[in-house]
Amino acid sequence: MKSILVPTDFSENANTAIEYACELAKSLGAAVFIINVYTPAVTQYNIISPLIEEETGRARKLAKEKLASIQELVQSQYKPLVCNTEFVVGGLLEAIEELVDKDKADLVVMGTRGASGLDKILFGSNTTRVIEKVKCPVLAIPAECPFHTPKRIVYATDFNNAELDHVGKLVIFS
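The letter at position 153 of the sequence shown is residue 158 when you use the numbering used here, and the numbering goes up by one with no holes.
Just so you know, these hints were derived from the structure itself, not from any lab. Heads up, a few of these hints could be off.
In the EDC-like style, the derived pairs of lysine to aspartate or glutamate whose C-alpha atoms are separated by at most 16 Å in a straight line are [as the list claims (entries may be wrong)]:
| id | residue 1 | residue 2 |
| --- | --- | --- |
| 1 | K7 | E99 |
| 2 | K69 | D14 |
| 3 | K71 | E91 |
| 4 | K7 | E28 |
| 5 | K140 | D163 |
| 6 | K156 | E137 |
| 7 | K31 | E70 |
| 8 | K71 | D163 |
| 9 | K71 | E17 |
| 10 | K31 | E91 |
| 11 | K138 | D111 |
| 12 | K138 | E99 |
| 13 | K138 | E149 |
| 14 | K69 | E99 |
| 15 | K66 | E91 |
| 16 | K138 | E91 |
| 17 | K66 | D14 |
| 18 | K7 | D163 |
Could you build the full structure based on these sequences and the hints that come with them?
See the structure below:
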């Protein structure tokens, strides 16, 4: 395993996922790649207005400061772990899919937060969408979940041949 991708919205749930991913990466000899995705408001005619550009600029500046702080903390607490960060403008799912497709992540570790519907209550709507669409394993970490090296893994499948690669990536944990 080369890299673990961790999306963050800087919430407590995301921070728990970052801590979990760092412990896991340390035990596997992997790097951690932390991203923050900002989705700008869409106007009626999908025109990027100066106001939206200004807001995106403010969000970028604030997120990059927070990401730098997280990176510094991770590198000091989890030496010699490699930690990279990136700010992305766009949709969360699309950003994660693109990074996985570019081979920048072998595993996604996400914090979970409840929404509506059983799967969304268990995982949160963003996590559910990522689990359904991304072409790599996703580890959903509940709030306040302490790190434990995985001893058993449950893999849900619809027996689609395209999923065989996912199973291969999970073998690293056994």
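| Indices of hints not satisfied (ascending) | Hints 1, 6, 7, 8, 10, 13, 14, 16 and 18 contradicted; others consistent.
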